[in-house]
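Undergrad: So you can see what is in the structure, the chains are spelled out below.
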Amino acid sequence: MRTPHHHTLTVLVENRSGVLARVAGLFARRGFNIESLAVAPTDDERFSRFTIVVDVRETDPEQITKQLFKLVNVVKITELAPADAVERELLLATVTADAEARSAVIELVDIFGGGIVDVGWNQVSVMLAGEPARLDDFEELVRPYGITELQRTGRVALARLERQAPRLRTTGKAS
Amino acid sequence: MELTGAQALIKSLEMERTEVIFGLPGGCILPAYDPLLDSSIRHILVRHEQGAGHMAEGYAHVTGRPGVVMVTSGPAATNLVTPICDAYMDSVPLVAITGQVSRAAIGTDAFQECDTVGITRSVTKHNELVMDPAELPLVVRQAFHLATTGRPGPVLVDVPKDVLTSKVEWWWPTDDELLASLPGYRPNTRGHTRMIREAARTIVAAERPVVYAGGGILRARAAEELAALVELTETPVVTTLMARGAFPDDHPLNLGMPGMHGNYTAITAMQEADLLIALGTRFDDRVTGRLDGFAPGAKIVHVDIDPAELGKVRRPDVPIVGDAKTVIAEITKAVRALLDSGEATLPERAPWRSRISGWQERYPLHYDPPAEGDALKPQRVMEALRDSAPEGTILASGVGQHQMWASQYWRFNEPYTWVNSGGLGTMGFSVPAAIGAKVGRPDRTVWAVDGDGCFQMTAQELVTASSERIPVKIAILNNAYLGMVRQWQEMFYEERYSEVYLSPDLPDYVKWAEAMGCAALRVEDPDEIQPAIDKANSIDDRPVVVEFRTDASEKVFPMVPAGAANGDVVVHPTQAAESRKVVQ
Ligand SMILES: Cc1ncc(C[n+]2csc(CCOP(=O)(O)OP(=O)(O)O)c2C)c(N)n1
Ligand SMILES: [Mg+2]
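Protein sequences appear in the order of chains X and Y. Residue 67 in the numbering used here sits at position 67 of the first sequence, with consecutive numbering throughout. Residue 281 in the numbering used here sits at position 281 of the second sequence, with consecutive numbering throughout.
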């Protein structure tokens with residue numbers, strides 16, 4: 001379940017061994033809960049990016065950010081409220097789809113703009129990339145057909161861009 | 001110039017102006033002990049690695065320079081975990097070098113392999129396993145930089161044996177190279193100008209302000225700046241257990257130590273304050289008591305180098321991230337500007353001062369004088385030690401009742417004269433920490449006040465002290481109990497004493513001390529206290545141990561029971577009885 005209480009922290013870290021353990025260890029020791037975590041290289045090989053989703057009702061995101069920043073290998077942290085972020089996640093699922101159900105499942109995948117990545121005699125594996133909430137919807141609709149396996153990557157996010165060029169902006173923050 | 005990794009390691013330590021290493025060799029670190037023979041660095045061979053860690057802490061406490069430890073892998077590294085955690089909790093700059101099995105053997109459960117960086121990750125400011133021999137000088141330079149800047153703390157460098165034996169081209173990173181190698185580390189030392197002005201306005205508007213000074217004042221070497229602020233604003237000061245000496249105890253504005261065993265006035269002034277100026281302190285639970293009852297009417301100005309401390313426990317009205325020395329000086333300047341320009345005047349402080357002196361008169365530190373034939377009063381021993389201490393004496397202590405009496409009854413008039421385990425509360429701290437302190441300040445007398453329980457945890461380091469000719473003085477307050485635990489069982493577990501009795505005679509502390517090469521004295525009679533202390537103070541060619549047989553039934557007062565609010569502080573029973581009489 002994704003809610004407005006889930007904030008995304010994108011954490012730029014030095015690409016060194018043990019960094020994941022440092023971040024995970026910090027969350028464990030301080031009693032912070034992680035909803036999801038994705039780690040990926042960036043365009044600069046010296047750095048990796050962690051995308052961490054936390055529930056701000058359970059832990060003050062300010063404390064999480066400040067404690068993370070104390071890790072020497074953490075270079076930059078951006079905290080994004082759901083409204084400030086463009087978020088995507090990838091879902092892979094194997095769904096029961098015998099002759100009878102197959103076309104219905106394919107139709108559903110089509111509606112959501114997903115794809116079929118593998119076909120077996122009574123199952124299909126599907127993939128869907130999109131906003132986490134859309135993935136939730138898809139998951140709910142496809143469940144009645146029978147899900148044998150499902151994996152989600154955890155979300156990655158970018159800050160939303162400014163809509164207006166600076167000189168057109170009437171009010172707004174400087175940064 | 002081509003060196004072995006081991007030579008590069010020792011040379012790097014020299015480049016960092018290391019004067020002493022506390023350590024003990026073994027298999028994996030062996031290669032580093034060879035070039036040490038040719039180095040100007042003094043090595044102190046300890047009897048247990050925990051001792052090395054606490055010695056390095058004691059050294060750091062009194063000199064302000066990072067303590068350096070070097071030990072081997074596996075059990076030696078795990079023996080260091082306690083002092084590393086201690087240094088982490090009290091923000092003590094420490095650089096620990098540990099040996100590790102050769103790179104190819106890592107992960108194979110090799111002999112004396114343990115995941116040292118994994119084990120110490122949560123108790124170090126940073127740690128690093130050196131896999132590339134060429135990086136050794138850089139990692140050492142980073143370690144010293146990280147340990148001593150920002151919020152100080154322990155940094156561990158784990159070095160595989162084959163990294164020590166491989167050849168490296170010697171280089172020493174420049175400042176720029178150092179900074180470039182730590183892109184995520186830029187501690188913010190200068191406070192925010194607008195916040196500093198806001199702090200100044202808040203301070204001059206307060207009617208009942210209290211400066212709540214923490215150990216950060218000492219780490220930042222900000223005692224002078226603190227004194228200037230206090231004097232300009234006529235603000236009373238409390239100094240936490242970690243900050244004893246940051247402001248002179250004999251200054252009329254010093255209210256002493258707050259907290260669980262703080263004195264009544266310090267605790268109550270914080271409770272009644274309309275402003276707490278919290279400087280280099282972290283609202284520890286031993287200071288605040290039950291949080292929702294802590295200083296309920298106080299606004300908070302909070303200055304700390306660690307942004308995570310601001311708002312961690314109590315939300316400040318004026319948060320300032322920065323180095324205490326710089327920020328306090330800036331606040332003082334801003335206050336002076338407000339006063340000089342006539343924009344503000346200090347409120348009349350007399351009513352606040354008179355309430356404070358009322359508490360001071362009514363509830364001074366108190367213990368009942370001994371009746372004829374009673375055992376020694378530990379507080380009396382502390383007073384005698386204090387009154388006979390040569391100018392500039394450094395005091396270390398263990399953890400327990402004796403620690404609280406040490407902090408309560410000593411008069412700290414100079415910074416860096418108190419060596420103590422506050423955050424972790426590590427029994428066994430005092431003997432090695434006192435030794436490290438004496439190594440750092442050989443010109444000073446160093447006394448350790450220890451409990452009989454604590455002494456038994458690390459006493460073996462007196463062998464180190466004897467053989468290295470480090471003449472520390474140890475006063476054991478032998479109450480034959482784990483006294484602090486006994487006190488809790490007496491007060492909160494209906495006097496059901498469970499596993500706290502130690503015996504006054506077993507071990508025989510005098511024989512034990514003598515066997516370790518120390519001079520040793522035992523004091524059982526009140527009349528012997530002074531002569532024994534005088535004798536101990538006159539011995540300067542070896543360590544001295546004085547065992548004082550003290551009254552096991554003495555308890556530390558005042559006391560804020562665990563879970564209680566500071567408003568419910570329990571005073572000494574005699575004072576409580578007297579105040580009941582006053583009420584009737
Ligand atoms: C390593 C460690 N183990 C246990 C404790 C819990 N503890 C705190 S004070 C204390 C008793 C200390 O006894 P002693 O050294 O005799 O000092 P006293 O309180 O009697 O003055 C104990 C067991 C601790 N702080 N540290
Ligand atoms: Mg005892």
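These aren't lab readings, by the way, just hints derived from the structure by calculation. Bear in mind the structure is a predicted one, so any value in this text is a computation, not a measurement. Watch out, some of these pointers could steer you wrong.
Straight-line Cα separation of at most 20 Å, DMTMM-like style, residue types lysine to aspartate or glutamate; simulated pairs [to be verified]:
(1) Y/Lys312 with X/Asp55
(2) Y/Lys312 with X/Glu149
(3) X/Lys66 with Y/Asp317
(4) Y/Lys312 with X/Glu87
(5) X/Lys66 with Y/Glu391
Undergrad: Each of the hints needs a verdict: does it hold here or not?
TA: So, going through the hints one by one against the coordinates:
no., hint, in the structure
1, Y/Lys312 with X/Asp55, "holds, 18 Å"
2, Y/Lys312 with X/Glu149, "violated, 42 Å"
3, X/Lys66 with Y/Asp317, "holds, 18 Å"
4, Y/Lys312 with X/Glu87, "violated, 30 Å"
5, X/Lys66 with Y/Glu391, "violated, 43 Å"
Going down the numbered hints, you'll see the structure goes against 2, 4, 5, while the others check out.
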